[in-house]
Amino acid sequence: MAENKNQELIQVLTEKFGDKIIGVQEPYGLLTFETTKDVISEVLKFLKEDGATNFNFLTDITAVHYPGKKHGIAVVYHLHSMVNKVRVRVKVFIDEHHPSIPTATTLWRGANWMERETYDFFGVKFEGHPDLRRILNMDDLGVHPMLKQYPLEDPNRVDKKDEYFGR
Amino acid sequence: MNNQPVYTDNDPQSELVTLNLGPTHPATHGVFQNVLQLDGERIVSGVSTIGYIHRAFEKIAEHRPFYQITPLTDRLNYCSSPINNMGWHMTVEKLLNIQMPKRVDYLRVIIMELSRISDHIICNTIIAQDTGATTTFLYLFQFREHIYEIYEEICGARLTTNIGRIGGFERDFNDIAFAKINKFLKEFPVALREFENLLNRNRIFIDRTAGVAKVTAETALNYSWTGPLLRATGVDYDVRVSEPYSSYQDFDFEVPVGTSGDIYDRYLVRNEEMWQSVRLIEQAMQKLKNEPAGIFHADVPDFYLPAKEEVYNNMEALIYHFKIVMGEIDAPKAEVYHAVEGGNGELGFYLINDGGRTPYRLHFRRPSFINYQMFAKMSEGMLLSDAIINMSSMNIIAGELDA
Amino acid sequence: MATMGSHYDFGRFGSERLSFSPRQADLLMVMGTIAKKMAPVLKQVYLQMAEPRWVMAVGACASSGGIFDTYSVLQGIDEIIPVDVYVPGCPPRPEAILDGFGKIQELVRNESSRRRNSDQYKELLASYGIL
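Protein chains in written order, with my numbering: chain A, 2 to 168; chain B, 4 to 406; chain C, 397 to 527.
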């Protein structure tokens, strides 16, 4: 049942966007595909407004950092169609040294804080976002902490004795 | 956002006051800050600042093996921590494709519904207290004590429970726990009825809450609201019904839906959800009688930490224990998203596993965080006291807000 | 919250009235994790209290950072304000909070009335950068 819906969805998407839809997978029944950042706005708009797909609910926006790859940051959107009971995951890989992607706030107002959190943690600049600034970390933190190269602990701590921690 | 006072036409009467509803404030239940501009009593605009209890859960989760992330999930929505724990365990079970026996599912339903009651008790009594009705807070709070005692029988802890394991529970519920649950089922409906009698048709309460902070369903969906807030606006989206987990499809319960999304509707929806939770617990206790007794975990020795007596006496159990703790389990390299219905809405776990000991990436879709973004916009044009009750009806738990 | 409920009842030990303003309070109980973003706010609250004032760090996170050894968490509030009593636990049981409160009462009972003007105390405050 869910596989049929996923198959239909992929058919409709490839008809409209052709070869911009790549990397289609279905881990645990959840349709996942990749696309590029120049068509992401149209893909999201199509998914939201088309009568057949009707993905009216944005569940989450987040990002993942893959340090070795050429396009190292993947921005992940989870969408949900409450009417059809289908979820979908859209990934966009962007360059980690100049990460930028168009914003989704024009389609869903709820994307506002989700994108601010992604910017805070990964440094992804969302073009067109009304108020892109840090939300959870301190404003003067300077780095984007979720990137893999930054350590978990505060590197400026002086009171931790290394020999107790096996370093 | 310009927070400077705005002067128009040199009229001293129309000067706006900047009020800092700061991180430490008795009216905000948690550490978050709102800088509001007031024109008399009416809010003109506001800016929310959060992050005062940011503990970098997602970064910590990349350095902890799967079973050590459970105490971390406790501290997300600490008023209903078993739901977070169970949600995390179900995510990992989905990744590992473990099927749970029915009895474990029913036990999980009991615990999750108890914690949902616990969360809604806090929210509704705090709404009442913020409107001035302080008695109801004291009446219902002792039932939170009773729920804490039930948790204590099962897992040893009151608030941050770390309940259950990946694959079930760490020990079976003993007779004392069942006796306490039965006692709770007898006494709580009486107290909840009393609570409703005090407030449901109370003229002062209705005047303060009905018609305040109305939200339409389209706006709520656009802002990605979930949970009782969304259901109060008229959309009947409940993760337990739309994507049943833990055998919720075997149960018979209703999803209460409001009409106008105002604070009175949210209060009524939460009350009715508490009644439905009581109904669910009663059905689960009934269903437990038909299941073979003594099963409290799935039969997956590869993933479920064995009992300590076995580890000390049995060679295979020792090896399994070693493998699990060292992280040598063969978890598939995949990504999974699992959502459960938390007290505030859809609590989602997005887990990317790369075969190592710790997750590659774990992201929590926190309902309080996403629900709260509308607050600043919603409070424009409202009276200050209405905005305070609005904030408490959104049930913002600071642990879930910042993570 | 449970400590102030009717089962454990903080009120019977003398703290019936929770003061909403630090200017009128004697005891500052810091509960929960304090992030580095919150540290200046906490210091300001402490500075708003009038002498004599006592501070109780409730919980493992307030005492030492707790399980959160991360870049964003203050590893113990005694990095910014002087603390009198530490109550460990995550979360501390209500009985532990009551016990900590009993220790504060003992400190209050036995404190000399010249302590707040002594050189030692002034040195302590100076080490935190409080005048």
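Quick caveat, the hints were computed from the structure, so don't treat them as lab data. Source: prediction; values computed, not measured. Here a beta-carbon is modelled for each residue, glycine too, at the ideal position from N, C-alpha and C. Treat each hint with caution, since some may be false.
With a straight-line Cα cutoff of 35 angstroms, these simulated DSBU-like cross-link-like pairs (lysine-lysine) come out [unchecked claim]: (1) A:Lys-21 with B:Lys-336; (2) B:Lys-217 with A:Lys-126; (3) B:Lys-183 with A:Lys-38; (4) B:Lys-326 with A:Lys-92; (5) B:Lys-97 with A:Lys-149; (6) A:Lys-70 with B:Lys-336; (7) B:Lys-311 with B:Lys-183; (8) B:Lys-97 with A:Lys-92; (9) A:Lys-149 with B:Lys-336; (10) B:Lys-183 with A:Lys-92; (11) A:Lys-21 with B:Lys-326; (12) B:Lys-336 with A:Lys-46; (13) B:Lys-380 with C:Lys-518; (14) B:Lys-311 with A:Lys-17; (15) A:Lys-149 with B:Lys-326.
So the derived label-pair ranges between C-beta atoms look like this [stated by the list, open to error]: (16) A:Arg-158 with B:Arg-174: 35 to 45 angstroms; (17) B:Asn-203 with A:Asn-85: 32 to 42 angstroms; (18) B:Gly-358 with A:Lys-71: 18 to 28 angstroms; (19) A:Thr-107 with B:Asn-203: 40 to 50 angstroms.
Among the chain A residues that face chain C by a calculated CB cut under 10 angstroms, a handful are [said to hold, decoys possible]: (20) Pro-68; (21) Gly-69; (22) Gly-73; (23) Met-139; (24) Asp-140; (25) Leu-142; (26) Gln-150; (27) Tyr-151; (28) Leu-153; (29) Glu-154; (30) Asp-155; (31) Asn-157.
Hints, one by one, checked against the model:
1. Between Lys-21 of chain A and Lys-336 of chain B the alpha-carbon distance is near 25 angstroms, which keeps this suggested pair within the 35 angstroms criterion.
2. Distance check on the hinted pair: Lys-217 of chain B and Lys-126 of chain A sit about 33 angstroms apart at the alpha-carbon level, within 35 angstroms; holds.
3. About 56 angstroms separates the Cα atoms of Lys-183 of chain B and Lys-38 of chain A, which puts this hinted pair outside 35 angstroms; it is violated.
4. For the given pair, Lys-326 of chain B sits about 34 angstroms from Lys-92 of chain A by alpha-carbon distance, which is consistent with the 35 angstroms threshold.
5. With a C-alpha separation of about 26 angstroms, the suggested pairing of Lys-97 of chain B with Lys-149 of chain A holds against the 35 angstroms cut-off.
6. Using a Cα cut-off of 35 angstroms, the hinted pair Lys-70 of chain A and Lys-336 of chain B holds, with the two alpha carbons roughly 17 angstroms apart.
7. Distance hint between Lys-311 of chain B and Lys-183 of chain B is fulfilled; the C-alpha atoms sit about 27 angstroms from each other, no more than 35 angstroms.
8. The straight-line distance between the Cα atoms of Lys-97 of chain B and Lys-92 of chain A is roughly 21 angstroms, inside the 35 angstroms bound, and the hint therefore holds.
9. As the CA atoms of Lys-149 of chain A and Lys-336 of chain B are separated by approximately 19 angstroms, the hinted pair is consistent with the 35 angstroms bound.
10. With a CA separation close to 48 angstroms, the supplied pair Lys-183 of chain B and Lys-92 of chain A exceeds the 35 angstroms bound.
11. Pair hint Lys-21 of chain A plus Lys-326 of chain B does not hold up; C-alpha atoms about 43 angstroms apart against a cutoff of 35 angstroms.
12. Under the criterion of a C-alpha separation no larger than 35 angstroms, the hint pairing Lys-336 of chain B with Lys-46 of chain A is consistent with the structure, at around 31 angstroms.
13. Only pairs whose Cα atoms come within 35 angstroms are accepted, and Lys-380 of chain B paired with Lys-518 of chain C is rejected, the gap being roughly 47 angstroms.
14. About 58 angstroms separates the Cα atoms of Lys-311 of chain B and Lys-17 of chain A, which puts this hinted pair outside 35 angstroms; it is violated.
15. For the given pair, Lys-149 of chain A sits about 26 angstroms from Lys-326 of chain B by alpha-carbon distance, which is consistent with the 35 angstroms threshold.
16. Taking 35 to 45 angstroms as the suggested C-beta distance range, the pair Arg-158 of chain A and Arg-174 of chain B conforms, at roughly 39 angstroms.
17. For the pair Asn-203 of chain B and Asn-85 of chain A, the supplied restraint of 32 to 42 angstroms holds, since their beta-carbon distance comes to about 37 angstroms.
18. Taking 18 to 28 angstroms as the suggested C-beta distance range, the pair Gly-358 of chain B and Lys-71 of chain A conforms, at roughly 22 angstroms.
19. Against the hinted window of 40 to 50 angstroms, the Cβ-Cβ separation of Thr-107 of chain A and Asn-203 of chain B comes to about 41 angstroms, which satisfies the hint.
20. Because the closest C-beta pair between Pro-68 of chain A and chain C is about 18 angstroms apart, greater than 10 angstroms, the hint is violated.
21. Annotation: interface hint on Gly-69 of chain A violated; nearest CB of chain C at approximately 24 angstroms, more than 10 angstroms.
22. This hint is violated: Gly-73 of chain A has a C-beta 21 angstroms from the nearest C-beta of chain C, more than the 10 angstroms allowed.
23. Because the closest C-beta pair between Met-139 of chain A and chain C is about 5 angstroms apart, less than 10 angstroms, the hint holds.
24. Because the closest C-beta pair between Asp-140 of chain A and chain C is about 9 angstroms apart, less than 10 angstroms, the hint holds.
25. Below 10 angstroms, beta-carbon pairs count as interface contacts, and Leu-142 of chain A has one with chain C at about 8 angstroms; its hint therefore holds.
26. Residue-level restraint check for Gln-150 of chain A is violated (minimum Cβ-Cβ distance to chain C is 13 angstroms; threshold 10 angstroms).
27. Because the closest C-beta pair between Tyr-151 of chain A and chain C is about 8 angstroms apart, less than 10 angstroms, the hint holds.
28. Hint status for Leu-153 of chain A: holds, given a least beta-carbon distance of 6 angstroms to chain C, under 10 angstroms.
29. Satisfaction of the interface hint for Glu-154 of chain A is found here, the shortest Cβ-Cβ separation to chain C being roughly 5 angstroms, below the 10 angstroms cut-off.
30. This hint holds: Asp-155 of chain A has a C-beta 5 angstroms from the nearest C-beta of chain C, less than the 10 angstroms allowed.
31. For Asn-157 of chain A, the suggested interface contact is upheld, since its CB lies about 9 angstroms from the closest CB of chain C, less than 10 angstroms.
Checked against the numbered hints given earlier, this structure breaks hints 3, 10, 11, 13, 14, 20, 21, 22 and 26; the rest are met.
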